[in-house]
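Working from the sequences, and respecting the hints, build out all of it.
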Amino acid sequence: MVNSRQVCATIVLLLTIIDASLAFDYGEAVDKSLLFFEAQRSGKLPVNQRVKWRGDSGLQDGFQQKVNLVGGYYDAGDHVKFGLPMAYSVTMLSWGAIEYGKSMMDLDQMGHVLTAIKWGTDYFIKAHSEPNVLWGEVGDGDSDHYCWERAEDMTTPRTAYKLDIEHPGSDLAGETAAAMAAAAIAFRPYNSSYSDLLVVHARQLFWFADRFRGVFTDSIPCAKEFYASSGYSDELLWAATWLYRATKDKSYLKYVVDNAASMGGTGWAVKEFSWDNKYAGVQILLSKVLIDGDGGAYTATLKQYKAKADYFACACHQKNDGYNAPMTPGGLLYLHQWNNMQYAASAAFLLAVYSDYLSVAKSFLSCPDANVQPQELLGFAKSQADYILGKNPKSMSYIVGYGQNYPIHVHHRGASIASISVLHSVVGCVQGFDAWYRRPEANPNIIYGGLVGGPDKNDNYYDDRANYEQSEPTLSGTAPLVGLFSRLHSIYSDYAPRPTPTKEQTTPLGAPVEFFHSITNSWTVGRIGYYRHKVTIKNKSDKPITDLKLEIENLSGSIWGLTPTRYKNIYELPEWNKVIRPGSECSFVYVQGGPQAKVAVQSYH
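In our numbering, the protein residues as written are 1 to 605.
DEER-style ranges, computed between Cβ atoms:
no.: 1; residue 1: D292; residue 2: S425; range: 53 to 63 Å
no.: 2; residue 1: N569; residue 2: P221; range: 51 to 61 Å
no.: 3; residue 1: P440; residue 2: K44; range: 33 to 43 Å
no.: 4; residue 1: P582; residue 2: P221; range: 45 to 55 Å
The set of hints was computed from the structure by calculation and includes no laboratory data.
Backbone N, C-alpha and C fix where the C-beta goes; we use that ideal spot for every residue, glycine too.
What follows is the structure, encoded as structure tokens:
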């Protein structure tokens with residue numbers, strides 16, 4: 001006979017096992033998410049490209065119009081470079097880096113994050129070819145969707161479409177200004193000159209967007225079927241808010257206050273935050289200004305903004321007196337039938353950020369149904385992240401390549417066709433449909449980190465390449481997850497215990513730098529022990545160091561945070577971090593079995 005105490009003990013043990021089985025490695029989720037951006041790259045790929053099934057593509061983009069538009073990102077499972085969601089994605093990547101940079105540094109991912117941002121902003125700099133000109137799209141959805149082919153084989157028209165004073169697009173120009181301003185903040189600690197350049201472009205783009213007003217789809221009609229904008233007022237407020245944060249120029253704060261009512265900033269109470277609707281983002285960013293005590297004469301209007309931020313948070317958290325954001329039975333925010341998961345991801349990121357703002361202020365969220373502590377709000381954001389990673393009725397990860405059970409028939413041209421490194425012959429426009437789109441087998445290439453559209457309103461998901469509403473990944477879906485997963489990692493980082501770091505200092509004779517070598521993780525495969533080594537480089541001189549080149553010997557594994565040169569064993573600092581200022585430091589990481597590599601300075605200025 002089993003007594004009640006034994007039963008209770010067994011139940012507790014089972015619950016503990018179940019809870020442990022649902023723990024997620026948020027650090028791995030960050031890494032996979034960033035790989036998605038490498039898979040979506042257009043243009044000439046760098047030598048350190050990690051997604052090896054991709055190749056160079058779109059190398060003539062813009063040439064027909066005599067402008068260089070090579071680079072940027074493909075939007076989703078197609079090969080169109082849509083400016084609005086691309087810019088929004090860069091804004092979200094940058095916001096994540098601004099808020100959760102420390103966690104990204106701890107994960108040794110800041111280099112990849114800044115590289116992902118810069119791949120976008122470098123393209124925007126090209127696209128902003130004149131102060132009042134912005135090239136807003138390359139390719140068009142109709143002709144592109146007629147073909148199923150790899151980016152490397154593209155035969156569809158690569159027509160470029162622009163905005164100018166006679167063809168305005170305040171929403172697209174405003175979002176691009178916001179992306180430039182947010183990226184400027186993210187880059188400021190690492191590359192101040194690039195940060196300053198981004199601010200120049202952001203200011204010009206905002207002036208253009210505000211002075212010549214209009215919805216971008218009126219100027220680029222072919223985008224309307226795919227990214228129909230609901231208006232531009234939110235993007236103007238959004239851009240001004242980011243410019244205020246990037247420059248501390250109070251004229252931008254005055255702009256969002258003076259236009260609060262007329263542009264809907266204090267009028268719209270929303271339940272959605274997305275590539276199309278920025279109101280909740282504006283309202284939460286301006287709440288931080290108020291919380292930080294910087295409202296001054298604008299405090300009354302900023303309180304109105306905060307009231308609308310509270311409405312959004314309460315609606316998502318289901319504490320809004322019935323006026324709540326819809327949810328599936330399994331607990332996922334459900335706002336749109338088509339590619340809903342991106343809306344849940346954006347909302348979760350925003351709630352995590354707002355919870356941190358409230359926590360710093362030692363405040364709470366006052367909802368109609370209850371007072372909500374910041375930790376509860378963060379817990380709700382975590383519930384959305386965990387649903388995405390597998391804690392859902394299907395027990396499926398909706399991040400491709402994460403976990404054991406994830407979508408394998410992803411609606412993505414490049415992932416669904418054998419790589420050019422394997423299949424050297426061209427896959428034609430129609431041939432792709434016949435030979436690859438309709439095949440029942442899994443995609444030959446795993447598009448790691450892609451957040452698919454996700455389940456329907458009843459938590460059902462159909463893993464079918466033709467089911468594009470559910471199975472297509474997008475830039476705007478994955479972008480907010482980089483910051484969200486980084487935040488969750490900073491709290492729940494005990495998924496994989498790490499050994500206590502051991503430090504070894506080596507200082508090359510005569511060099512103005514110090515190296516601190518530490519082991520941050522270790523694991524065993526078979527009988528071979530592998531170690532993750534972190535090398536911190538500190539400038540001990542009183543002058544900036546540029547053009548630093550390192551010689552690394554006995555390196556047998558992968559390396560992150562340095563760029564290989566054409567000379568054997570010689571590496572240099574990446575483009576986004578070319579200068580080490582006096583007293584500052586940077587780091588790189590490598591993984592290998594056996595003894596650590598030997599690092600020495602080869603040259604510097």
